[in-house]
Amino acid sequence: MATSACSTANLQFAPFSSALDAGFWHKLSENKLDVYGLDDKPRKIHGFYFNGDAVGIPCRLNVDYTAFNEIPQIPPNYFLSHGILQNKNTIDAFKSCDKKELLNDIAHELWLDITSGKAIDDPTLLSKFLMLTYADLKKYHYYYWFTFPALCAPETFPLTKKPIRFSERFTEEQTNAFLAAYTQFQESTRGQRGVKTGYFILQETQTGLQVANLKDADRLLSDPQGKVLFCVCDPSTLAEHPGWPVRNLLTLIAYHWADKLPEVEIVSFRDRISQGSRDISHSLVFTVQLQSLSNLTECPKCVGWEKNAKGKLVPRMVDLSATMDPVKLSESSVDLNLKLMRWRLLPELDLEKITRTRCLLLGAGTLGCNVARSLLGWGVRKITFVDNSRISYSNPVRQSLFVFEDCLHGGKAKAEAAAESLRRIFPGVDAQGHSLTIPMPGHPLSESSIEQTRKDVAVLEELVDQHDVIFLLMDTRESRWLPTLLGAAKGKIVLNAALGFDTFLVVRHGVKMPGEPMDTGPPGEAKLSSNVHGSQLGCYFCNDVVAPGDSTRDRTLDQQCTVSRPGMSMITAALAVELLVSILQHPEEGGAPADTSARDEHITKDMMSILGLVPHQIRGFLSRYYNLLPASRAFEKCTACSSIVIEHYRKEGFGFLLSAFNQPSYLEDLTGLTQLHQETLDSEVWAISDDDESM
Amino acid sequence: MVDGTISASVFADELHAFVELSATLKDTWQLAMANDSKCGYISKRQLLKLDQHLADVSSGMVESSLEVDELTEQEVEDEESNTIQVKPQTRVISCEYHVVYSDSYSVPVLYFNMYHDSGKLLTLDEIWSLVPQIYQSRLSQERWTFLTQQEHPILGRPYFQLHPCHTASLMKHSVLSRATKPEISTDTAQGLAGVSATSHTPSMRRKGSYLVQWLSSVAPVVRLGMSLEYGLIGNN
Ligand SMILES: [Zn+2]
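These protein sequence lines are chains A and B, in that order.
As numbered in this note's numbering, residues 1 to 695 make up the first sequence, in order.
As numbered in this note's numbering, residues 696 to 931 make up the second sequence, in order.
There could be a bad hint or two in this list.
[As the list claims (entries may be wrong)] Have a look at the derived ranges for each label pair, beta carbon to beta carbon:
id	chain 1	residue 1	chain 2	residue 2	range
1	B	Ile779	A	Asn89	32 to 42 Å
2	A	Arg358	B	Tyr800	57 to 67 Å
3	B	Ile779	A	Glu173	46 to 56 Å
4	A	Lys161	B	Asp820	31 to 41 Å
5	B	Ser799	A	Gly117	52 to 62 Å
6	A	Leu112	B	Tyr800	53 to 63 Å
[As the list claims (entries may be wrong)] Computed, partial: chain A to chain B, Cβ under 8 Å:
id	residue
7	Pro15
8	Asp53
9	Phe157
10	Gly500
Note that these hints are calculated values from the structure, not bench results.
No residue lacks a Cβ here, since even glycine has one placed at the ideal position from N, Cα and C.
Input sequences plus hints: build the corresponding full structure.
Following this line, the structure appears as structure tokens:
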């Protein structure tokens with residue numbers, strides 16, 4: 001027997017690397033919130049490792065969502081590792097806690113298990129780990145650092161026989177005998193907990209191979225008939241190096257048996273299933289010289305902190321907000337839901353374009369609430385409300401973003417409350433509310449209110465600039481005038497929805513391209529050439545031959561009264577949003593042409609978006625459950641969108657608006673409508689009542 | 696059954712049969728019983744080595760669990776000569792596959808997650824990049840099956856799911872065609888992997904063969920290892 005260690009290589013070990021699953025972090029977060037609170041005392045957890053990985057896979061110590069189970073739940077063929085979780089309450093505590101002391105504590109425990117012989121009875125105690133964590137539950141950032149304690153005693157492990165393969169050391173017959181014995185051994189020793197033993201003894205005799213527990217070592221070592229080999233289930237797949245679990249076993253052997261056993265033969269047992277058959281031939285067998293530790297009384301030095309991916313001894317951090325932050329989860333599942341629609345039905349659907357579209361909703365009443373909900377459904381992320389009223393008791397039953405509590409104490413401001421409600425429904429939305437009065441033409445301003453109106457107009461102009469789409473959802477005709485003008489002047493997509501008792505109107509305003517010559521021609525459907533480009537389409541006011549005046553004055557119903565059939569606003573709001581989506585999916589967007597005849601045979605390909613037609617107007621008649629899709633050209637004398645109005649606004653700005661607000665006939669004179677009146681008798685104008693209660 | 700669906704109790708029987716078959720083949724499917732679900736589910740773990748080939752398709756996949764810069768290097772003396780310095784080896788992705796019953800579709804559903812060693816899940820795009828090229832092109836054309844991220848019905852955490860809406864028709868075609876056509880079909884509706892097996896009538900089905908057939912057709916899409924012996928043993 002060789003006793004000299006001269007020129008022999010020392011055995012070196014492959015360290016563990018930690019492998020976590022997302023479930024572990026979920027469970028840790030849950031425990032921190034529900035169980036631990038601020039108590040940061042050490043907690044028992046479990047990990048497990050495997051000795052059957054394919055070549056090239058590092059030694060992994062797995063810690064998953066079962067780690068916190070009282071009874072370890074170890075996957076079949078895996079081996080238990082006893083863990084301590086040290087979860088700190090603050091990042092400072094995580095950083096500043098004494099790492100040496102942490103490692104010392106667990107090293108002492110390990111040393112005690114070894115010297116007391118406890119680890120002989122339960123060899124799983126040789127495999128331990130400590131996990132230092134800090135969970136930032138606001139950001140879903142998890143800081144962690146593992147240590148896999150290994151005692152540095154003996155100081156070196158001189159190899160007297162270098163590692164060879166199991167198949168070189170044993171015959172096939174012996175291999176089969178070993179496997180049979182090993183299988184039976186695992187069956188019989190598997191505790192009530194169902195935990196396998198990763199450390200055992202192989203006794204080689206004339207008659208064959210027997211497998212036994214570590215606690216049989218004394219008896220077997222004194223048996224002259226057989227040779228004792230110590231076996232470790234080895235997670236390493238390296239040809240020269242066994243894994244970490246071998247180290248503490250060698251310390252155990254050196255402490256208890258090295259006096260009798262100056263060198264010991266070790267089997268690094270690797271047990272792999274490959275293509276349905278079991279293979280252990282790549283297990284390693286080697287012999288190391290062991291310096292006896294039986295006189296050692298003090299706990300030896302201990303190592304084990306895990307290095308990071310760059311080989312540095314520092315903690316790691318993982319950002320799990322993408323899969324753990326409920327806000328991000330709701331965002332991604334909303335997106336996925338829409339993508340599902342695209343994948344299944346509409347591969348060309350440009351969802352990102354819809355998501356990017358910034359929508360300004362003027363009016364946060366029944367139409368505003370329902371439009372906002374439909375926009376959320378399509379994945380729109382920026383929604384801004386403008387309204388000047390407060391929520392009253394009659395509102396919540398129809399205005400789907402409000403509840404009873406919103407009406408108390410004088411009622412919350414609608415615009416802000418609607419935005420807040422949207423954020424509660426979907427935290428991923430960027431929703432804002434502005435309480436603002438939109439000035440109306442023909443509603444003269446008192447001297448004292450001019451400054452406030454100037455400010456309000458400035459805010460509205462800025463809001464229009466900041467959004468791509470303006471929804472006109474207010475309850476008076478006149479209040480739609482200014483935003484119609486602003487939308488036309490700034491080339492925005494404007495969608496206008498208005499309700500009567502059982503009729504409704506949804507219009508997309510013509511999108512004026514800057515510098516484009518205005519269309520000339522009479523109002524309405526007079527032109528029979530049926531295809532009208534989107535830039536030539538009319539606005540809400542183009543059909544009018546009277547300027548918007550003070551229509552609220554002669555109202556018989558006040559604003560709280562319900563004059564629309566309750567389902568109307570949902571229908572109308574939904575159509576307005578769907579029309580927007582069709583516009584966005586049309587290659588020309590707002591320029592999408594519409595057909596004045598609305599006859600199928602007139603529909604041409606250029607009129608279609610991938611979602612179908614992009615009508616100019618949808619006029620609905622609920623009494624007959626019937627919709628019409630008329631289209632009309634812009635009117636050169638329109639009081640809201642004609643070139644002359646836009647030019648005056650551009651040149652004179654607020655001064656021009658002030659004239660329109662204060663002088664009842666100003667717009668009619670400017671556009672030439674006054675003159676037209678004298679020439680034309682009242683033509684029959686399809687008028688929609690908008691005496692609804694949408695605000 | 697004729698329409699390609701199975702009842703929850705048949706599913707439960709299939710699970711048990713399948714797990715037994717898995718044990719015979721030394722595969723590692725495990726049965727898990729859920730507290731509030733009649734039939735439980737089965738699960739399997741698997742490691743995916745990102746070798747050169749895969750590292751290419753997933754080149755954008757850089758694990759974000761890197762060192763924490765603001766945490767200064769800790770005062771830890773841990774160097775010693777008995778530890779080999781492990782060079783950065785092959786990157787490994789952990790995969791976890793679950794077969795759960797869907798009450799609404801009356802078919803089994805495959806839930807799975809793939810994650811880095813930090814526990815960080817791969818994103819949908821990263822998962823797609825791991826789908827073998829042949830299925831990527833086939834799926835983009837046929838669009839009859841797709842990946843979505845859903846809450847696991849039993850564990851309540853996000854998992855990826857192969858959407859079950861075409862499972863029944865896949866299994867219906869398979870069951871019917873197998874009763875009449877013994878040869879391996881090239882029709883993709885027979886199964887993505889083109890896995891087929893010897894002919895027998897549905898009534899003579901062996902327990903577990905529904906799962907075997909379904910799983911072997913979807914497994915390769917998500918790199919779930921499935922020995923061909925399942926088909927051989929399960930159907931004889
Ligand atoms: Zn107009």
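Regarding Ile779(B) and Asn89(A), is the given constraint of 32 to 42 Å on their beta-carbon distance met?
-> holds, 36 Å
Have a go at the Gly500(A) hint: is there a Cβ in chain B nearer than 8 Å to its own Cβ?
-> It is violated, given that the least Cβ distance between Gly500(A) and chain B is near 42 Å, above 8 Å.
Note whether the CB distance of Leu112(A) and Tyr800(B) lies within 53 to 63 Å or breaks it.
-> holds, 56 Å
Ser799(B) and Gly117(A), beta-carbon distance inside 52 to 62 Å?
-> The hinted range 52 to 62 Å holds for Ser799(B) and Gly117(A), with Cβ atoms some 58 Å apart.
Does the hinted range 46 to 56 Å hold for Ile779(B) and Glu173(A) at CB?
-> Cβ of Ile779(B) to Cβ of Glu173(A): about 34 Å, so the range 46 to 56 Å is violated.
Pro15(A) as chain B interface residue, shortest Cβ-Cβ below 8 Å = With a minimum Cβ separation of about 6 Å from chain B (threshold 8 Å), the hint on Pro15(A) holds.
Was the hint right that Phe157(A) lines chain B, CB cutoff 8 Å?
-> holds, 7 Å
Using 8 Å as the Cβ threshold, decide whether Asp53(A) counts as touching chain B.
-> With a minimum Cβ separation of about 7 Å from chain B (threshold 8 Å), the hint on Asp53(A) holds.
Is the gap between the beta carbons of Lys161(A) and Asp820(B) within 31 to 41 Å?
-> violated, 51 Å
Regarding Arg358(A) and Tyr800(B), is the given constraint of 57 to 67 Å on their beta-carbon distance met?
-> violated, 38 Å
Hint check: violations occur at hints 2, 3, 4, 10; the rest are consistent with the structure.
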